[in-house]
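Undergrad: Take a look at the letters that make up each chain.
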Amino acid sequence: MKSFIIALGSLLVLSAAAGLITWKVVGAPDRAISCDPESLPEHHVCLSTIRNWPEDAILWVDARPRAEWEKNGVKGSVLVNDLEEWFDLEPEFMMQMMGNPRAKVVVYCNQAGCGSSKYVANQLRERHAGTLDFEVHVLQGGIKALLAEGK
Amino acid sequence: MNYFNATALSLFGTIMSLSAKMVFETKLVVIEANPDEIFVTGEFPFEVTGDGETIISYDALCSCLAGRVEPLLPDRSAKLNWKAGEKGVIKARFDTSRFLGTVDKAIELKLEGEKDPIHLIVRVNVPELVQLKPSTLKWDKGSEAKEKVIKVKINHTEPIKILSHAGNNEKSYPYELKTIKEGWEYEIRVKPTDTSQSGIGMISLRTDSKIGKFKRATAYVTTKPKLKMKPLTEARE
Chain A
1236 MKSFIIALGS LLVLSAAAGL ITWKVVGAPD RAISCDPESL PEHHVCLSTI RNWPEDAILW
1296 VDARPRAEWE KNGVKGSVLV NDLEEWFDLE PEFMMQMMGN PRAKVVVYCN QAGCGSSKYV
1356 ANQLRERHAG TLDFEVHVLQ GGIKALLAEG K
Chain B
464 MNYFNATALS LFGTIMSLSA KMVFETKLVV IEANPDEIFV TGEFPFEVTG DGETIISYDA
524 LCSCLAGRVE PLLPDRSAKL NWKAGEKGVI KARFDTSRFL GTVDKAIELK LEGEKDPIHL
584 IVRVNVPELV QLKPSTLKWD KGSEAKEKVI KVKINHTEPI KILSHAGNNE KSYPYELKTI
644 KEGWEYEIRV KPTDTSQSGI GMISLRTDSK IGKFKRATAY VTTKPKLKMK PLTEARE
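Residue numbers (the working numbering), protein chains in the order written: chain A, 1236 to 1386; chain B, 464 to 700.
With the rest of the complex left out, here is chain A:
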């Protein structure tokens, strides 16, 4: 019994030491949201791909609840969600796009499966993308991908 506890304790200490050394040598673990451009659903895009686009070509659209957008929305983003009246939110988006045209719109929401970014992206694409010449994408991983990048 005693020898088992000693063995178990030794194992734990060695594991912790190995982890610490790895942390020091390799660095902190990569918490980025994994995203494979080859296996994305239609109209979805990886954050790494977006980072290759010129920043001034992008308008970020936050499809989350207003309080969350106000808390940590992307700088310069516009709120267009499916929680408030579409006709109240759409004008601000349109004023942004018409006043300062961008080639790309990237919509993000909270998580996979929330459905809001997909809905908002579809609406913007169907209503305005053709006339105003912009592409609409959904950020794979949503706000989590953006937050993980900042860590």
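Hints are not guaranteed to be accurate.
[Said to hold, decoys possible] Here are the computed lysine-lysine pairs in the PhoX-like style, where the Cα-Cα straight-line distance is at most 20 Å:
(1) B:K601 to A:K1339
(2) A:K1339 to B:K689
(3) B:K624 to B:K644
(4) B:K614 to B:K624
(5) B:K634 to B:K609
[What the hints assert, rightly or not] Just some of the chain A residues that point at chain B, by a computed CB distance under 8 Å:
(6) W1321
(7) E1325
(8) Y1354
(9) A1380
What the hints contain is simulated information worked out from the structure, not anything from laboratory work. Just so it is clear, CB atoms sit at the ideal spot from N, CA and C, and this is done for glycine as well.
Since the structure of chain A is provided, determine the placement of chain B on it from the hints.
TA: Just chain B, lined up with the frame of chain A:
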């Protein structure tokens, strides 16, 4: 020996929980909503196999959706522990009042011993009764200030009349609302006064629709320079 037994029991328990399953007939329900239907319900029937299943949570990923597991227990609470062979249904009640077109919303179901949640998707097609085609008119800066037309079409069994309309930049974008067939078809004809400068405007319509989301419609007009940069195509389209 005791440690061995404990490990073996734990392993056995894990294997047993993995063998339990909640088998759904479908994980995607498509609903064609009627224009005046505010609530629609998607049903996901299931059967429990193996040695039973325990529901940890069933959350709707939108305030527009409410999930419910049926049948309920005698005290009207949700039945979370299910035995092998039992059948039930997860109902997802969807509030369509803010949506137009196609919308997917999910119930996220977490089961004991399962790493990944199950997503039960309700896909609702909500018809657009007052349709503007296109909803945006654009002139290239410096181009000829030609008249362009937005067609307003009522996609309903009953007529919807336009009660009032207003433009927020009529000086640059004077327009005329022409009735083609009262309650069914209209045209908004816009001819900018000058396309040498960039500009934007909105034309708002108010209707007599009884359904809240169709009481308003908005058209947009703009004059802008052609984008210098071609849209990129790295993302899958």
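Undergrad: Does each hint fit the structure? Answer for all of them.
TA: Do the hints match the structure? See the list:
| no. | hint | in the structure |
| --- | --- | --- |
| 1 | B:K601 to A:K1339 | holds (17 Å) |
| 2 | A:K1339 to B:K689 | holds (14 Å) |
| 3 | B:K624 to B:K644 | holds (10 Å) |
| 4 | B:K614 to B:K624 | holds (14 Å) |
| 5 | B:K634 to B:K609 | holds (16 Å) |
| 6 | W1321 | holds (7 Å) |
| 7 | E1325 | holds (7 Å) |
| 8 | Y1354 | holds (5 Å) |
| 9 | A1380 | violated (14 Å) |
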